[in-house]
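One letter stands for each residue in the lines below.
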Amino acid sequence: MLARALAIFLRPRNLALMACVLIAGWLVFVPLAALFYTAFTEDTGFGPGPASLSNFVQAYSSWHIVRLFGNSLIFAAGTAVLTLVLGGLVAFVVERTDAPLGPLFHSLALLSFAIPGLLTSMAWIFLLSPNIGWVNALMKEWFGLKEAPFSIYSMGGMIWALSSHYFPLAYLALGPALRVLDVRLEEAALVSGARYWQVMPKITLPLLRPAILSTMLLLFMLGMSSYEVPRLIGRPARIDVFTTEIQAAIQNAPPEFGISSALGMTLLLICVVAVFFYRRATRNAEAFATITGKGYMPTRIKLRKWRWPVAIAIMALFFLALGLPLLTLVWQSFFRNLAQPFIGSTSPATWENYEFILRYPIFLDAVKTSVFLAAMSATLVVVLTFVMAWIALRAAPKSGWVLDSLAFTPIAMPHVIVGAAVLFAYLMLPIPVYNTVWIILIAYVTLYLPYGMRFISSGLTQIHKELEEVAEVSGARMRQIFLRILLPLLAPVLLAAWIYIFVLAVRELGASVFLVGPGTHVLGTISLTMWEEGGSYGAVSALGVIQIIPLIMIVAGLRWLELRVQRRSEAAAAKAQAVG
Amino acid sequence: MFAIENLRMTFVAPGNVVVNAVDGISLGIGTGKLITLLGPSGCGKTTTLRCLAGLERPESGKIVIADQTVCDTENGLFVPPSDRGIGMVFQSYAIWPHMTVFENVAFPLRVARDRKYSANEIKERVLRSLDMVRMSGYETRPATQLSGGQQQRLAFARGLVREPQILLLDEPLSNLDAKLREQMRVELKQLQTRLGITTVYVTHDQSEALALSDEIAVFNFGKIIQRGTPQEIYRQPKSQFVADFIGSANFIKGRVKDVQVADHTTLVETGHGLFRCIFGQAVTAGQDVLVSARPEDLMLSDKPPGDGFNAFTGKISHRVFLGEVVDYLVDAGDGEVRIRSKPEAEFQIGQVVHIGVSPQKCVALPS
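From first to last, the protein sequence lines stand for chains D and U.
Numbered per our numbering, the first sequence spans residues 1 to 580.
Numbered per our numbering, the second sequence spans residues 1 to 367.
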C-alpha cells in the first residue's frame with residue numbers, strides 16, 4: 001500500500017507538479033511571509049524583534065493616514081473612470097462603427113505598452129508644469145494670461161498623466177466584449193418593439209456589465225499600484241499615495257521597514273479585494289453564454305459622412321495622449337537647456353545629449369543589467385509557466401487550480417509590495433542575493449508569473465487535447481510530444497509571452513527602486529535618479545528617447561509578426577475552404 | 001482481438017456527484033471484426049474506448065489487446081498508450097497543423113521504439129498508407145489546406161501506417177456532412193474488411209452502427225444493455241431503451257396471458273386485442289409488458305390481414321409524404337400508432353383501415 005502510494009508520488013508528472021508548486025510557492029509566499037513578519041514585529045533598527053503592533057500604531061495614528069487613503073482612492077478611482085471613458089470610446093468606435101483605421105488604432109494601443117510610465121510622467125511635466133510646461137507658456141503668450149492655465153502638479157494632473165497612458169489598455173480589455181456581443185440580441189429587442197434609444201440601456205449595457213465592471217476593477221488596481229506618476233508628479237505636489245509612502249519609509253534614515261510593511265498591508269488588502277471581485281466578475285462574464293462568437297455577423301453602425309471625422313477624432317486622442325508627450329521628449333533631447341516647442345531655447349539644437357548618455361558608464365551598465373534581467377526573467381517565467389500551464393490543464397486538471405491560483409497571486413501584489421517584500425525576505429534569509437542582480441531577478445519572475453500563465457494557458461486551451469493524445473497513441477513519449485507537437489504549436493504564443501514580459505521588465509521601476517544597490521543599476525532607476533538629482537533636461541530626455549525607441553521597435557515587431565501569422569492562417573483557411 | 005474484463009471508472013461531476021462513467025463493463029471481439037459501442041452521449045462508450053487506448057486509467061479492470069495484457073489494476077499493470085501498438089482516429093481528426101500531410105502520417109514511424117525505420121521504409125509505408133485512403137499526391141500539402149473529408153482520410157492513414165493490432169475510432173464520421181458521411185461509411189467498411197483489422201467503433205448514430213458492425217454493444221449509464229449482431233439488436237431488442245434508441249418503435253401496453261416456451265412466443269392482452277409476440281427476455285404470465293412494433297413492420301390495408309397476423313383497426317389521422325415512403329399516424333382507439341408504408345397504396349385522412357403485423361415482428365418487452 002505504502003509502496004503503491006510512493007510509486008504514484010514518484011511518477012514524473014507528479015514530481016514535476018510538486019517542483020512547480022514548490023518554486024511558485026516559494027516565489028509568492030516567502031516574500032509575503034517576510035512582509036507580514038516585518039509588519040507584525042517590532043522594528044529594532046537591526047531587523048525584526050518580538051511580536052508587536054507598534055508599526056501599525058505608528059503608521060496609522062497620525063491624520064496623515066486619512067489624507068493618504070483619500071489621495072490613493074481618488075487617484076485610483078479617477079484614473080479608472082477617465083481611462084474607462086476614453087478606452088470605451090475607442091473600443092466602441094473601432095468595434096461597433098464602420099469608422100476607418102481600426103487596425104491602426106489597435107496597433108497604436110499595443111505600442112503604448114512599450115513606453116515606460118516614468119518617461120510619460122516626465123513628458124507631461126515638460127508639457128503642463130506651471131513653470132516649465134510649454135503648453136502653459138504658449139497659452140500665456142497667446143491669450144495674455146498671467147497665471148498658467150494648467151498644472152500637472154495636482155490630483156487632476158496625476159489622473160490625466162496616468163489615464164493618458166492606460167486608456168489603450170481599457171480599449172484592449174473592452175474591445176473583445178464589444179466585438180463578440182451578438183448583434184442579434186440587440187436586433188431581437190428592436191423587433192420586440194424597443195426603440196433605438198432603449199436598446200442601449202436595457203440590452204447592450206447590461207450585457208456588457210461584466211466586461212465593464214472587470215475592466216474598472218483592473219484599472220482601479222493599476223491606479224492603486226501605480227508608482228511612477230505619484231513619484232514624479234505627486235511627490236513635488238505633496239500628494240502622497242500608498243505606493244510612494246511605502247517606498248519613502250525605507251529611504252528614511254534609519255530606514256523604517258516596519259512602517260513600510262504596515263502601510264503595505266493596507267495596499268495589499270485593497271488590491272486583494274479588488275482582485276477578488278475582478279475574478280468574480282470575469283467568472284460571471286463566462287456565464288453570459290449568450291455572448292458567443294458563433295454564427296455572428298458583424299453589423300456595424302453606419303456613420304456615413306461622419307466616418308472620417310470620427311476616425312480623426314480618435315486619432316487626435318491618440319496623438320494628444322501618447323504622441324504629444326513623446327514628441328516633446330524627442331524635441332527636448334536635442335537641446336541642453338529647457339527647450340519649449342514654438343517658444344524657443346537659449347541654446348542651439350545639438351546631438352551632445354546623446355553623445356553624453358552613450359558615453360555615460362552608469363548608463364551602459366544599466367543597459368546591460370536591464371537587458372540581462374529582462375531576458376532572464378522572461379525566459380524563466382515562460383519555462384516555468386509553460387510547465388505549470390501544461391500540468392494545470394492536461395496532466396492534473398483536478399489539482400490544476402492550485403497552480404493556477406499560485407501563478408495568479410502576484411496580480412494582487414503591486415510592484416512596490418513585491419519590491420519591499422522581496423527585500424525584507426532576503427535580508428532575513430541566509431541567501432546572499434542582497435545587493436546583487438539576482439534579488440531583482442527573483443522579484444521580476446514573481447511579478448510576471450501571472451502574465452506568463454495568462455498567455456500560455458490561454459494558448460494551450462486553443463490547442464485541442466486530441467492533438468497530443470493522438471501523438472501518444474501513435475507511440476510518442478512525453479519528451480517527443482513536448483518537442484515535436486507542443487513546442488512547435490505553441491511557439492508563437494511562447495515568443496509573444498517572452499517579448500511581452502521582456503518589455504515590461506525593461507521598463508520596471510516600482511520593485512526595482514527597493515532592490516538596486518550601489519553596484520546594480522537598471523534603466524528605470526538611473527532615469528529616476530538623473531531626473532531627481534538634477535541631470536540636465538536634455539540629458540534626461542535623451543536617456544528616455546534611447547530607451548523608448550528600441551522598446552517601440554520590439555513591440556512593433558511583435559505586432560507585425562502577429563499580423564503576419566494571422567494573415568497566413570486566414571489565407572490557409574480560405575484555401576482549405578476552396579479545396580473543400 | 002481484444003478483451004475487457006470488469007472495467008470500472010467513476011468521475012466526480014460538478015456538485016460532488018459521483019458518476020459511474022463505466023460500471024463493470026466486460027467486452028471483447030475476435031481478430032478482424034468490427035464492434036460498435038453505441039449509445040447516447042455520456043453513456044460510457046467513449047470512456048471505454050479511451051481506457052482501451054490507455055488515455056484514461058480505469059479504477060479497476062483488466063484489458064488485453066492482441067494477447068498482451070495492457071492494463072490490470074490488480075497487479076498495478078498499466079502500459080502507456082504509446083506502447084500499446086494501436087491506431088486511433090479522433091472525432092476532431094487531430095491533424096497536426098504544423099506538419100505536411102506526409103509528416104503527419106510519418107510521425108508514428110518516426111517515434112517508433114520497437115524498431116527503427118529507414119528513410120526509404122518510412123517513405124514507402126507512408127505512400128502506401130496514403131494510397132490506401134486515396135490520398136496519393138497530397139504528400140507535400142500543408143495539413144491546414146485540406147477539406148474535412150481529406151483530413152478524415154489523412155487521420156485514417158496515420159492510424160493505419162504502423163499496421164496496428166487494433167484500430168480505435170471515436171465518432172470519426174460525425175463531423176462530415178450527410179452525403180460525405182455515407183460515402184465514407186462504405187469506404188471505411190471496405191478498407192476494414194480488406195485489411196482484416198480488429199476495429200472498435202464508437203458512435204451515437206444507430207444507422208452507422210447497423211451499417212458497419214459485425215457486432216454492436218448498446219451502452220447506457222455506463223453499462224452494456226445489449227450485445228449482438230445488427231440484426232439481433234434491431235429485430236430482437238431486449239429492452240424498451242434498445243428498441244427506442246435503434247430505429248423507431250411503437251410501444252403498445254399489455255399483459256402477458258400465456259407463454260409458450262416451445263416456439264418462443266407469448267400471447268399478450270393489449271388494448272387492440274390479443275397479440276402473439278416473440279420475446280428476448282423471459283416473461284411470465286400476468287406480467288405487464290410493452291409490445292414493440294416498428295412502423296415499417298405494420299401493414300396497412302382496407303381488408304383484414306390473413307390468419308396468423310396480429311390485427312386491429314384504426315382511423316388515419318395524419319399523413320406525411322416523404323417521397324420513398326409515406327408515414328401515417330393511425331388512431332387505433334387505445335392510443336396512436338405510427339406506420340410507415342410504401343406510397344403505392346394511398347390512404348386518406350379519416351379513412352378506416354386494417355392493420356396487420358407478423359408475430360415475428362412484435363417483441364414483448366418487460367415494462
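Any given hint could turn out to be false.
Derived DSSO-like pairs (lysine-lysine); straight-line CA-CA distance at most 27 angstroms [unchecked claim]:
(1) U:K361 <-> U:K257
(2) U:K223 <-> D:K398
(3) D:K202 <-> D:K140
(4) D:K465 <-> U:K62
(5) D:K398 <-> U:K238
(6) U:K33 <-> U:K223
(7) D:K398 <-> D:K305
(8) U:K33 <-> U:K238
(9) U:K33 <-> U:K257
Just so you know, these hints were derived from the structure itself, not from any lab.
As the structure is a computational prediction, the values presented were derived from the model and not from experiment.
Do the hints match the structure? See the list:
no. : hint              : in the structure
1   : U:K361 <-> U:K257 : holds (19 angstroms)
2   : U:K223 <-> D:K398 : holds (25 angstroms)
3   : D:K202 <-> D:K140 : violated (47 angstroms)
4   : D:K465 <-> U:K62  : holds (26 angstroms)
5   : D:K398 <-> U:K238 : violated (39 angstroms)
6   : U:K33 <-> U:K223  : holds (22 angstroms)
7   : D:K398 <-> D:K305 : violated (55 angstroms)
8   : U:K33 <-> U:K238  : holds (23 angstroms)
9   : U:K33 <-> U:K257  : violated (41 angstroms)
Of the hints listed earlier, those the structure fails to meet are numbers 3, 5, 7 and 9, in rising order.
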